[in-house]
Structures are given as structure tokens and as C-alpha cells.
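S.K.: If you're matching them up, the sequences are chains P and R in order. Oh and the first sequence: position 119 is 118 in numbering that gives the first Met the number 0, straight run, nothing missing. Oh and the second sequence: position 191 is 190 in numbering that gives the first Met the number 0, straight run, nothing missing.
Note that these hints are calculated values from the structure, not bench results. C-beta: ideal position from N, C-alpha, C; glycine also. Possibly wrong hints are sitting among the right ones.
Taking lysine-lysine and the PhoX-like style, the derived pairs with C-alpha atoms no more than 25 angstroms apart in a straight line are [what the hints assert, rightly or not]: (1) P/K555 - R/K366; (2) P/K124 - R/K407; (3) P/K407 - R/K366; (4) P/K407 - R/K544; (5) R/K451 - P/K407; (6) P/K366 - R/K366.
A few chain R residues facing chain P, derived, Cβ under 7 angstroms [to be verified]: (7) W338; (8) C343; (9) V344.
Far from chain R by the CB rule (all over 10 angstroms, computed), these chain P residues [stated by the list, open to error]: (10) D133; (11) M142; (12) T403; (13) K451.
2 protein chains.
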Amino acid sequence: MAKYAIGVDFGTESGRAVLVDISNGKEIATAVYLYLNGAIDERLPGTQIRLEPDWALQDPQDYIRTIQNTIPAVLQGSGIEPADVIGIGIDCTACTMLPVKADGTPLSALLEHRDNPHAWVKLWKHHAAQPEADKINETARGMGERWLDRYGGKISSEWFFAKSLQILEEAPEIYAAADRFIEAADWVVWQLTGVETRNACTAGYKAIWSKREGFPSQEYFAALHHQLATIIDDKMTRNVRPLGEKAGGLSRQAAEWTGLKPGTAVALANVDAHVAVPASTVTEPGRMVMIMGTSTCIMVLGSEEHIVPGICGCVEDGIIPGYFGYEAGQSCVGDHFAWFVENCVPESYQQEAQERKMDIHILLEEKAARLEVGESGLLALDWWNGNRSVLVDADLTGLLIGATLSTKPEEIYRALIEATAYGARIIIETFQDNGVPVHELVACGGLPEKNKLLMQIYADVIGLPIKVSASQQTSALGAAMFGAVAAGQATGGYNSIYDAAKVMAHLKDEMYIPNPDNLSVYELLFAEYVTLHDYFGQGGNSVMKRLKAIKANARK
Amino acid sequence: MAKYAIGVDFGTESGRAVLVDISNGKEIATAVYLYLNGAIDERLPGTQIRLEPDWALQDPQDYIRTIQNTIPAVLQGSGIEPADVIGIGIDCTACTMLPVKADGTPLSALLEHRDNPHAWVKLWKHHAAQPEADKINETARGMGERWLDRYGGKISSEWFFAKSLQILEEAPEIYAAADRFIEAADWVVWQLTGVETRNACTAGYKAIWSKREGFPSQEYFAALHHQLATIIDDKMTRNVRPLGEKAGGLSRQAAEWTGLKPGTAVALANVDAHVAVPASTVTEPGRMVMIMGTSTCIMVLGSEEHIVPGICGCVEDGIIPGYFGYEAGQSCVGDHFAWFVENCVPESYQQEAQERKMDIHILLEEKAARLEVGESGLLALDWWNGNRSVLVDADLTGLLIGATLSTKPEEIYRALIEATAYGARIIIETFQDNGVPVHELVACGGLPEKNKLLMQIYADVIGLPIKVSASQQTSALGAAMFGAVAAGQATGGYNSIYDAAKVMAHLKDEMYIPNPDNLSVYELLFAEYVTLHDYFGQGGNSVMKRLKAIKANARK
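One chain only, chain P, in its complex shape (with noise of 0.2 angstroms):
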């Protein structure tokens, strides 16, 4: 008889269910739910409560929706039985985290609490924390913290202690009703199973915890805040737990919830982008995981720890056990052709393409790939939402240089393609540089199913093949794929992640190589690329940072 798991992966609008064949990796069926209230930046649901600038917020009762629409559709559309259904992973952006009573109950449930904003779940993207950030930093710097060179000598506003923090210093009082502070990928864990667990991939690179030396020192925490020394005592845990073990098995609850079998095997959570990297055939080093939309995330796995400048974090164990797991990204990719899209192409060519019946991003495509490398003169600095690795330096803005009275739509649109491509081969040139070893890419996301001249334009730039994932949902089939080392071999799962990935994970056949020629062209630009990437990104003049200083003063 067949065996199945289900991931389900909690995004930032909706979450996804899918339905795994675990003999194979097939995916048998799919269901989405789109959250009930969405990413919250304007308003507290059902209120005129308005948030400030830079906040971003989810209801923690649209993951509990997600769970009870997406299980039962899947099975539903399958007609697979659930006894035969083994496992179930999930992950979930991060760090996404909530403030919650003891039992579980997150405060943005309880009417006392529910109209201050910060009883609700901290979206990955609120990034109101960044005074906080700035204090983590400085006080680390200060107090000679080793730790803050694992993450590229820079704590993100987005993460972990941000949250909390800001929470401590600008609602005292959720600080004190909170019992736990917790990831949403864990909590949702804790609702299928009735079990808190932690999971090391979300405290390791949200939550500064390493496998070796634990969370940083009551000293470090008191020096931020004073009711902030004992933080990990009182509202989480030291007890972390590597991914690929079992969390627990499914509650009556949400059996109930599910119409799955009671007991059914529950995965400690992960993270949307790190289980990707298995779902993407990924277990061992060298074989570098770009997780490519909107932003991308880069991840490559280590046998050996080592401090990589710039870097986004480095985990042992924080993606696939047994390695380091080394994570980097960059802040705008897709979201740049977005950009691109929505403000720079003219009406000529929204006609052709609607004349043609094309999406405009094909027709820029189609034109984009007509150009030589080299012909359009261009060059531009792909930091339109500032640089993530390796300058860590959210200030930094976009350049685009060697615009002519001739330029085209389609040459900016390319240029800002092969930008970045050149900030991917600086990522993957630092890893390199610093006793990572990078030797093949593999691609999974939004974008490589998209765009083929882009992941041309990669190989070229970078001079390394990259293959690209078969599954266009590898978040949720990763969270299945540990659904079914959660169950393990005795019931028809599999006893580790690499096991799983032998047989689960897939690859297309087409791959992209580098074309020789584009590549000796490629290695003029990025030459180029490199001397303005230094010159404005590391002092040599830092007009970016005083434009966006008048910028902020110009409206007061």
C-alpha cells in the first residue's frame, strides 16, 4: 500500500497543502488558502487600529484556517485514505513570531490584548524594529560578542530578539502577559501536536542559538534591557531540537481539524527557504540552493565552520543535520522586475505585447534575449531595496550607469537582470573565498520557471551550471519530505532527510551551462561591476547614504 505525507508551507498572503507520494516524491494534489487577513500593514483586523510605517502583522488563526481548509481539500481531491497519509511537515517564513499564553493562546486572541498591535504575530517583513536592531548590534560590538560573527557581524531587524525587544520597550505590558515568545512555525507545530517544541533552524538563524553554545548570555541580554536578561527561561526554552525529528503525533484536535488519524507523525517546523534546500536534491556540500522570487535566498552546506563576511547566518545543523548550513540572499529580484515592470515600460510595448497576446514580462524576455552581452553599454548595482549579503547595508540604493539616447526598455530590463547575476557571484565568490566550497547551482522558486534568458544569464555571469528543481512548490514538498522522516522507515517513512531526498527530490533535465564566449564578456562586466559594488558600497563614497539622509529630511 501507498504511503503519503503532507507539507503545508505558511507564506506571507496564503498557506499551501501538498500531497506527497513518499515512494517517489509525486506530488498527488495541491490546495491553497489565501489568508483571511492577508499581510496586516494598514489596519488591526475588524478595527480603525492603524499601524505605523514599516509594520507587517498576520493572524495567527489563519495559519489554524489554513490547516483546516488545506488537509481536508488535499484528501478530498486525492481520495487517498488517511490512514495512509504517515507524516506531516510544515514550514513557514521566519522569522515570523508571536507573543502566547502558557496553554498556547496567542494574545491576539484574548480581548484584553487584541487591540494592541503587538499581541499579533510579527511578520518576517515588520521592520519597525530596526532601533532595536541597532542597539543588539552596538551592545554585541561593545561587549566583544563572538557570536555576531556567525551572522555576517550584523543581527537583521527582521530577526528574532528585534521583535522581542521592541515589544519589551514599547508594550511593557504584552511583554509581561506573554508566557512564551515563539516562532509561528513552531506554534503551528504546537497546534497540531499539543507539544511546544523548538526547532534549530529558526532558533539558530533568527534566535542567535547554536548547537555548541546555546543562546547568547544573560549578561549580553540584561545590557539590552534589564527584564530582558532572562528572557530564554521565561518565555522559550533551551531545549532546541535538530530538524528531521519528531515533534509529536497529530492531536485529537486536529485530527479533527484535518480528518487525519490521530497520532499521525508531526515534524519539528522549518523554514520555507532551508527546506527547499533537500526538496531541491540538496544534502551534502558544494551544490549551492538558490531560492529565486521576489528576493533570493542563497544556501550552501559545510563540513567545517567558518566565518564568511557578510553572510546571513551560518547554523549547524540549521538545514540539513550533520553540516553547517550557510545562508546568504539578495533583497530584490523579482520584486526588481516588478518594479521595473510597473514603472519603466511604455505603452508601445504593453500594446505589442496585448497585440500578441503575451505577458510583458515574455515580450521583455523575447527582446532582452535578442541583445548581445555587452551591446546595451549598461551596467547597474542591484540594490533597489538596499544590499543583503555580503554588505549587509540596507541604505544602499540602485545605480544604473551607461544610459544613452539609444538605450531601449529591454536593455535597462537586461541590465538590471545581470545585475543580479553579479551580486549572486559576489555572494557565491565570498563563500569560496573563505573555505566554502561552491561547485554546481541549483535553482528552485518563482523566477527559474519564469524567466530562461535569466537563468541563462546567471550561468553565464557566474561560470557554473545551474540545474533547477522539478517541483515548482519545493517549501511544502520539503515539509513533506520531513513529514515522512518524522513517521521514519517502521511505518513507511524514511529514517533520515537523505534518505528522504534520494527518492523524493528531483531535478528537470534541462540544465544551463555556460556559454564560453558570453562568460569572457561577462568577465569585463563584473570586473566593472566589482570596482562600483566596492567603491559605493564600501565607503569610497557614500553619496547613497547621504541622498537617502536629504531624502528623509526633504517631507519634514
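Starting from the known structure of chain P, fit chain R onto it as the hints suggest.
M.R.: For chain R alone, kept in the frame of chain P given last:
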């Protein structure tokens, strides 16, 4: 009885006549003739003979047709007696030159030569003589020719001897057949009067002539090409006459063409940009004229000769007799905004303009005007068409810095306007720093009429008040003013261009005054512009040239 003058302005695609009341400068009637053969850049008229890239020609018969069409039209339109028209002036683009026989017949009018592109008028924007210009400059530097300093250190490929040398090198039979090489402006005056004259303006700005030193030496010309050694005495003349003189009286034939009286005074020819200076009321130092259209021509008078680095030229008596006329320029102004509108304005904006029945430029101006200074965070280098002054480098290209995912089209549009204003300020400061005072600006040309935001930005960036010429056809008006001066006071005209300007030239009532708040923010932004200008324009990083070299190789 009122007296009148006619000015005829020969442009790139058309010629225009204006009939002006000498007593007050009122423009009584205007007529435009669209050249039958336009600017010729693909095929020789009536043939399949293709032109090479960068070529641009005109048909001299189009000048005659302009005279035959427009002068009768303004007479007829106004009902004014031909006898009351006492003077004619003309102006033309320059250097726009042609080879002719001793009797003035253009070689392009002769069957034996008409199939040779070199027999035709080489239009100002004929850019195929760059190798010859390079040779002219290298040779001059090698021989230590001091006149090079008067031209900002570089002779343009657009100018007289580059074009002449190209004819000699590429079509020696045309060079040999030509009895005269002559500016189109002087040729038109010849056709009107039957007398060959040469004016100091084109000779000074385009043919390296100066009142004190004459033309370059025979040794210099011989060093360029042995056959060129005697070009001045063989095919030109050393009798170069100051502006404001009468060239001759209208010939019987030209009287027939026009309906005017034979013997009507015809002024020495002038150049379209330079003749706009007195028509903008400027006949004294300190008040700079900006002729703003697709590109911007900048003119200022000085009492002394100064070497100003990177300007186009300094010619004694070249604009107004008695002064040194300084010329500088920006090669991409109106063209810049036209490029932006054609290539970068999204469909949604075009639709909004259509719904509100507005020109798209007006809509962009409206949106851009709502922005505070510095609010966009953007800065541009206005080098989409290279830099004419003061870097004198056609290989520089455009740059935009400061873009984010929130950047809007009107922000880019405003940044491009601001960039041209910064470019103008660099030129003005270069004059001021080198002993040529500038304390007020007078704008004329198409742009000041169309874009009030642009004018205010210029005032705010430059920190000087800007007045605007009352005439929308300052070149033709200026030509008519010189016609009135050619006629002289005795016949109802004026004895000098100063006298004519006092009565016939006017400014609009409105003027643009710098806003001190804006000025203070623009000081910050201009400082950033200067840093980038020097870094990219003066060898700090020659990436623009390297990108152009890569581009040139891309299609090979």
C-alpha cells in the same frame, strides 16, 4: 510710415521667415517651409545611394525654396508693402557647409557630382568626420598650436576643417572640383546678394579664425594634408567681416524670388544660436543666454579674453561686435526628456494623460512639481548624449543613482531635469571661476515655453534669477534685427545691434527667482553631483568608456 525687417532662420528640418516691425520688434507674420529633402541621413534624394552611419546632409535647393516660399508668404499674410521692408537678415545652423563652384553653384546641383554624397551640404550633425577631428586635435597638440585653448582644448568633428578634410581624404575629386568651401549661412547671403561674404561668427566658432590671429598657419594645414596647405587662399578668404555689416543689396533674381525690392539691405549671415543673444535683449557682459531646446547652447559676452577650460569657443566680435563671445553647450536637454517619455513612461501614466486630455509632459511636470527637493533620493549625471561642456567627452554616458522599489517615474523625470540644471551650473561656475562674470540668466528656445517646473529648478539649482525672452522665435527675430542694422538708421533701421536690441528685443514679465529653501537643499545635491561628475568624468573611474568599448565589440 512703419518700416519692417525680415529674418530667415534655416533650421535642421525647415526654414522660417518672420516679418518684424522695426519700431518695436513686433512679429507681424511668420511662415515656415518644411524642407523637401529634410535632413538627409539614409539615401541621397532621388537615388538608391545609401549614406554611411553618422552622415547627415542637406539639399541647398531647400534653402532657395525656403526663401521662395516663406518671404512672399509673410508679405502676403501681412499686407505690408515690399518697399517698407528695408532689411533682411538670415541665420543658419552651423557648421553646415558645402562645396561650390566659383559662381556659387553647389556641386550637388551638377550632374557630374550629384551622386557623390560629398558634393552635398554637410549638416551640423554630420558626425562622420571624427577621424579627421582626431587628426586635427592631435596635430595641433603636437605642434603646440595656441588657438586650441580658445576652443576648450578640442576641435569638434562637427566643425569646418574636419568636414573639409573628410572631403579631401574620401573624395579628392570633389575637393578638386570645389572652387569654394562655404558655410550654408554665407552661401544663402551670396544667393540673395550675388556677393560672396564670410561672417566672423561661423569663421570664429567653426573655422578656427580669430580677429587678431586669423586662421591657423599654412604649416599647420600642411601637416594635416599637403593639399590642405592652401585651403584658405584657394577655397575660402581671409576677408572675414564683423557681424552687423551689410553684405550687399538684394539681387534682381532674389527680388523676383521674394517679391521684395532689388537693393534691399541684406545683413552678413549669422548662426541660429548666436543671433538669439541680442534677440534675448543681451548685448552686454554678465547676462548669460541659454538657448534651450533638444540641446542647450550657452552664450555669454566678456570684455576680456580668458581661457575657459572645456568651452566650445571664444570669439572676438563673434556674437556682438566689441565683445568676446563665449559659447558652451549641453548636448542632451530636451532630447533627454523626449527619450524618457518615449522609453520609460508606463502605460498607466499615458492613460491618465489621455483621460485628463493632457500632454504627457504636462502630466509628468504636474507630478514632479509635487515633489519636495531631495524627496526622490535620486541623482543623475546628464550624459545620455555625452558631455559637451566642460568635459568635452562624447564617450561619457548617463547615470542614475538612488533608485529604490518605491521610485516613481516622475521622480526619475525630475532627477533628469535636475541633472541638466547641475550641468548648466558647472558651466556657469567654470566661466565665473575663469574671469567671465555671470550674474543673470536669460532663457529662450522651446523648453522655457513648455516647462515652468524646469525653469524654477534651474533657478533653484543655479541660484541666479532667470528671465525669459518674449519671442518664441528668437533666432529669426535676431536675424531680422541684424537686417534692420544692415539697413542703417538713414533708411529707417538702426546703426548698431545695441540700438536695435533696445527697441526690438523684449523679455517676458515673469521671471524665475531662486527659492532659498530649495537652493539650500540643492547645494547638498549639487555637491554630490560634482563628486560623481569628477569621478566618472575626469578619470577616477573610466567605466563609461570601457562599457562603450565593450558595446562596440559586442556586435562584431
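S.K.: Would you mind marking each hint as holding or not holding in the structure?
M.R.: Hint-by-hint comparison with the structure:
no.: 1; hint: P/K555 - R/K366; result: 19 angstroms, holds
no.: 2; hint: P/K124 - R/K407; result: 22 angstroms, holds
no.: 3; hint: P/K407 - R/K366; result: 24 angstroms, holds
no.: 4; hint: P/K407 - R/K544; result: 19 angstroms, holds
no.: 5; hint: R/K451 - P/K407; result: 28 angstroms, violated
no.: 6; hint: P/K366 - R/K366; result: 30 angstroms, violated
no.: 7; hint: W338; result: 5 angstroms, holds
no.: 8; hint: C343; result: 5 angstroms, holds
no.: 9; hint: V344; result: 6 angstroms, holds
no.: 10; hint: D133; result: 20 angstroms, holds
no.: 11; hint: M142; result: 34 angstroms, holds
no.: 12; hint: T403; result: 6 angstroms, violated
no.: 13; hint: K451; result: 21 angstroms, holds
When each numbered hint is compared with the structure, violations occur for hints 5, 6 and 12.
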